[in-house]
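Enquirer: Here is how the chains run, residue by residue.
Number of protein chains: 2
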Amino acid sequence: MSPLKTFLDLVKATDNYPLVDIPRLPYAPDRSASLYQLFLPNDPRPHGFILPSVVDRMPWTSDFSISHSIPRTVQLRDASDGADTAAACNAAFKKVIDAAGEAQVFANLQRVWPEDYKVLGARCSGGSRVQLLRAAAGLFGISCRGAHMTVYTYTAAGELKIWVPRRSREMMTWPGKLDTTVAGGVRAEESPFECIVHEADEEASLPGALVRKHTKPVGVITYVAESAAGSGGELGLCVPDVLYCYDLEVGQDVIPKPQDNEVEGFYLMSVDQVKESLLREEFKTNCASVMIDFFIRHGVITDDNEPDYLDIVTRLHRPLPVPTTPF
Amino acid sequence: MSPLKTFLDLVKATDNYPLVDIPRLPYAPDRSASLYQLFLPNDPRPHGFILPSVVDRMPWTSDFSISHSIPRTVQLRDASDGADTAAACNAAFKKVIDAAGEAQVFANLQRVWPEDYKVLGARCSGGSRVQLLRAAAGLFGISCRGAHMTVYTYTAAGELKIWVPRRSREMMTWPGKLDTTVAGGVRAEESPFECIVHEADEEASLPGALVRKHTKPVGVITYVAESAAGSGGELGLCVPDVLYCYDLEVGQDVIPKPQDNEVEGFYLMSVDQVKESLLREEFKTNCASVMIDFFIRHGVITDDNEPDYLDIVTRLHRPLPVPTTPF
Numbered sequence: 001m002s003p004l005k006t007f008l009d010l011v012k013a014t015d016n017y018p019l020v021d022i023p024r025l026p027y028a029p030d031r032s033a034s035l036y037q038l039f040l041p042n043d044p045r046p047h048g049f050i051l052p053s054v055v056d057r058m059p060w061t062s063d064f065s066i067s068h069s070i071p072r073t074v075q076l077r078d079a080s081d082g083a084d085t086a087a088a089c090n091a092a093f094k095k096v097i098d099a100a101g102e103a104q105v106f107a108n109l110q111r112v113w114p115e116d117y118k119v120l121g122a123r124c125s126g127g128s129r130v131q132l133l134r135a136a137a138g139l140f141g142i143s144c145r146g147a148h149m150t151v152y153t154y155t156a157a158g159e160l161k162i163w164v165p166r167r168s169r170e171m172m173t174w175p176g177k178l179d180t181t182v183a184g185g186v187r188a189e190e191s192p193f194e195c196i197v198h199e200a201d202e203e204a205s206l207p208g209a210l211v212r213k214h215t216k217p218v219g220v221i222t223y224v225a226e227s228a229a230g231s232g233g234e235l236g237l238c239v240p241d242v243l244y245c246y247d248l249e250v251g252q253d254v255i256p257k258p259q260d261n262e263v264e265g266f267y268l269m270s271v272d273q274v275k276e277s278l279l280r281e282e283f284k285t286n287c288a289s290v291m292i293d294f295f296i297r298h299g300v301i302t303d304d305n306e307p308d309y310l311d312i313v314t315r316l317h318r319p320l321p322v323p324t325t326p327f
Numbered sequence: 001m002s003p004l005k006t007f008l009d010l011v012k013a014t015d016n017y018p019l020v021d022i023p024r025l026p027y028a029p030d031r032s033a034s035l036y037q038l039f040l041p042n043d044p045r046p047h048g049f050i051l052p053s054v055v056d057r058m059p060w061t062s063d064f065s066i067s068h069s070i071p072r073t074v075q076l077r078d079a080s081d082g083a084d085t086a087a088a089c090n091a092a093f094k095k096v097i098d099a100a101g102e103a104q105v106f107a108n109l110q111r112v113w114p115e116d117y118k119v120l121g122a123r124c125s126g127g128s129r130v131q132l133l134r135a136a137a138g139l140f141g142i143s144c145r146g147a148h149m150t151v152y153t154y155t156a157a158g159e160l161k162i163w164v165p166r167r168s169r170e171m172m173t174w175p176g177k178l179d180t181t182v183a184g185g186v187r188a189e190e191s192p193f194e195c196i197v198h199e200a201d202e203e204a205s206l207p208g209a210l211v212r213k214h215t216k217p218v219g220v221i222t223y224v225a226e227s228a229a230g231s232g233g234e235l236g237l238c239v240p241d242v243l244y245c246y247d248l249e250v251g252q253d254v255i256p257k258p259q260d261n262e263v264e265g266f267y268l269m270s271v272d273q274v275k276e277s278l279l280r281e282e283f284k285t286n287c288a289s290v291m292i293d294f295f296i297r298h299g300v301i302t303d304d305n306e307p308d309y310l311d312i313v314t315r316l317h318r319p320l321p322v323p324t325t326p327f
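Those sequence lines, one after another, are chains A and B.
Counting from 1, one number per residue, gives the positions in the first sequence under my numbering.
Counting from 1, one number per residue, gives the positions in the second sequence under my numbering.
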């Protein structure tokens with residue numbers, strides 16, 4: 001990859017799915033460009049967009065009906081027999097994903113994270129959650145939730161400094177890259193804030209009481225990623241992502257320490273050090289966007305010093321192609 | 001208007017231009033739906049979208065060539081003779097706007113603000129600014145810049161309180177509505193921050209030294225407004241808007257005071273009072289969005305207490321249909 005030169009380049013590297021009208025792609029007359037829409041029972045809104053090459057290889061069960069004509073669709077049937085639709089959906093997803101895992105059809109499907117992601121905005125009878133295996137979320141093109149917390153402090157001289165971890169060189173994804181202080185995927189059954197509380201303990205040894213009392217929710221960034229080699233899975237998937245952002249200002253006595261094997265170490269970096277590391281592409285791609293959003297909100301990157309200011313802020317909040325609320 | 005019930009309703013009332021693909025509208029086969037694209041010399045990107053009813057009535061000079069076939073365009077010719085293209089553009093805009101004003105073709109064209117707005121992202125030889133009369137910006141559909149600063153304080157008990165002004169009942173636009181603490185349109189020749197500095201003095205009697213030292217740039221909100229009766233001008237215009245947002249935390253000894261005739265008075269309101277006033281539609285429409293963005297960034301509105309959290313944050317940052325940088 002050629003060296004990136006601007007903050008906008010970094011934001012675009014995260015939000016790297018082509019700026020096309022994704023919900024219209026299944027209607028494109030050109031078959032090769034046409035994604036399949038994923039429909040849940042009794043909901044006219046597509047909840048995901050699936051690559052033709054994934055549809056071709058997925059060992060679909062009778063829970064799903066596939067239409068190959070334009071617009072192309074994958075419809076999850078209502079198999080609930082009047083009971084809990086969500087439970088029926090979840091069982092259907094599990095069955096087909098298990099079958100794909102056993103058949104080893106897709107890269108890395110069973111290898112990582114035995115946890116589920118929630119299908120955002122699913123509208124099911126009874127209000128239950130629709131969820132599927134985290135490692136399969138990209139295959140179905142549903143939106144994925146992450147939570148990122150930036151921990152920072154002010155020196156006695158009033159200088160802003162940021163706690164930046166370096167990922168372990170042993171990690172399967174993004175080894176050795178700089179990361180957000182605390183970050184993780186949000187499990188189906190938890191809120192983004194609950195995710196931050198346990199990740200702050202696991203990744204940075206930050207006490208739960210401190211985190212619960214002083215963490216400030218400060219917004220979200222949204223983007224659509226096209227999965228690439230670094231993700232370790234299938235290529236070219238359409239992955240709508242939501243990162244819930246949190247700030248935690250701490251005193252100089254609070255020092256994050258690695259606890260699990262995901263972090264090599266934490267470094268207290270100045271704003272200039274972080275900026276230089278960003279522009280040298282030392283940060284994990286989406287963590288660069290989180291850091292840039294932090295710099296926007298804290299008045300470090302401003303309209304007076306950044307010609308792409310407007311483009312950066314709007315691009316950090318790309319409208320998602322899938323619904324995020326039930327109604 | 002029926003009572004609004006949610007924060008998302010308020011954000012949608014600001015970003016109220018239909019969620020259509022505006023840059024594609026000039027290519028729509030349906031003539032009635034088709035806006036005219038505004039092109040500057042030597043720049044293939046449309047800088048504004050003009051209503052057919054405006055094109056019909058505008059007393060176009062020979063500086064402009066109009067194409068009524070699909071895609072419909074208004075092309076500003078390069079009349080610079082090799083000199084400063086921007087100066088030629090500015091003269092051409094002034095000539096046609098003056099003629100429209102004299103002919104009294106449009107509502108309120110000459111009545112208000114003898115100041116110019118900048119055409120964001122205009123790419124002209126010599127790097128000069130392209131600008132036109134603020135009151136005509138909506139007619140040409142160029143993006144408009146505003147700057148809004150929220151001034152707040154913490155009580156001795158640690159409670160967040162916000163300084164909220166009520167607009168004078170004599171104002172032509174939005175009389176008697178609640179407003180952002182300090183706000184104004186950004187003149188062509190100034191930066192958003194410079195706008196805040198002089199508006200803070202004019203509207204709230206806040207000392208320049210205080211404002212320059214402690215004001216924090218915290219981002220922008222973007223939206224596309226369809227002009228309605230409240231704006232006092234033509235109806236149905238497509239107006240892309242950018243509001244640069246600033247926060248100013250002050251001590252309890254700092255008390256904003258009206259200086260010009262635009263503000264009736266300032267009130268130190270609690271978060272709950274502001275929320276109630278928002279939901280009762282007591283705020284000027286776009287100021288409600290600024291306040292909601294403030295609440296997002298300060299952890300008042302969160303994913304845990306607001307079901308529309310994601311939709312609110314993305315909708316506060318609508319991608320604009322016009323370029324905002326020169327290249």
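Honestly, the hints are just simulated from the structure, not real lab data.
It cannot be assumed that every hint is accurate.
Identical copies look the same in the list; a pair holds intra-copy or inter-copy alike.
Derived pair list, reagent style DSSO-like, types lysine-lysine, alpha-carbon separation capped at 27 angstroms [claimed, not checked]:
(1) Lys257 with Lys12
(2) Lys275 with Lys95
(3) Lys275 with Lys94
(4) Lys161 with Lys216
(5) Lys177 with Lys216
(6) Lys257 with Lys118
(7) Lys94 with Lys12
(8) Lys95 with Lys213
(9) Lys95 with Lys177
(10) Lys213 with Lys275
(11) Lys95 with Lys161
(12) Lys95 with Lys5
(13) Lys216 with Lys5
(14) Lys213 with Lys161
(15) Lys94 with Lys216
(16) Lys5 with Lys213
Enquirer: A separate judgement is required for each hint: does it hold in the structure or not?
Expert: The hints, checked one at a time:
Within a single copy, Lys257 and Lys12 get their C-alpha atoms no closer than 31 angstroms, and across copies no closer than 44 angstroms, so neither meets the 27 angstroms cut-off. In this homomeric assembly, Lys275 and Lys95 never come within 27 angstroms of each other (Cα to Cα): the closest approach is 46 angstroms inside a single copy and 46 angstroms across copies. Neither within a single protomer nor between protomers do Lys275 and Lys94 lie at most 27 angstroms apart by alpha-carbon distance, with minima of 43 angstroms and 43 angstroms respectively. With identical chains, the CA atoms of Lys161 and Lys216 are at most 27 angstroms apart both within one copy (17 angstroms) and between copies (17 angstroms).
Only within a single protomer do Lys177 and Lys216 lie at most 27 angstroms apart by alpha-carbon distance; the minimum there is 25 angstroms, versus 30 angstroms between protomers. Within a single copy, Lys257 and Lys118 get their C-alpha atoms no closer than 30 angstroms, and across copies no closer than 50 angstroms, so neither meets the 27 angstroms cut-off. Taking the shortest Cα distances, Lys94 and Lys12 never come within 27 angstroms of each other, neither inside one copy (34 angstroms) nor across copies (38 angstroms). For the homomeric pair Lys95 and Lys213, neither the shortest alpha-carbon distance inside one copy (41 angstroms) nor that between copies (61 angstroms) is at most 27 angstroms.
Neither within a single protomer nor between protomers do Lys95 and Lys177 lie at most 27 angstroms apart by alpha-carbon distance, with minima of 35 angstroms and 57 angstroms respectively. For the identical chains of this complex, Lys213 and Lys275 are inter-copy neighbours only, at 23 angstroms across copies versus 29 angstroms inside a copy, given an alpha-carbon limit of 27 angstroms. Proximity of Lys95 and Lys161 under a CA criterion of 27 angstroms is satisfied in neither setting, with 48 angstroms inside one chain copy and 53 angstroms between copies. For the identical chains of this complex, Lys95 and Lys5 are neighbours neither inside a copy (46 angstroms) nor across copies (41 angstroms), given an alpha-carbon limit of 27 angstroms.
With identical chains, the CA atoms of Lys216 and Lys5 are at most 27 angstroms apart between copies only, with a shortest distance of 26 angstroms across copies and 31 angstroms within one. Taking identical chains as interchangeable, the C-alpha atoms of Lys213 and Lys161 lie at most 27 angstroms apart whether they share a chain (21 angstroms) or sit on different chains (20 angstroms). Proximity of Lys94 and Lys216 under a CA criterion of 27 angstroms is satisfied in neither setting, with 36 angstroms inside one chain copy and 49 angstroms between copies. In the homo-oligomer, the alpha carbons of Lys5 and Lys213 never lie at most 27 angstroms apart, since the shortest distance is 38 angstroms inside one protomer and 30 angstroms across protomers.
Of the numbered hints stated above, those contradicted by the structure are hints 1, 2, 3, 6, 7, 8, 9, 11, 12, 15, 16, listed in ascending order.
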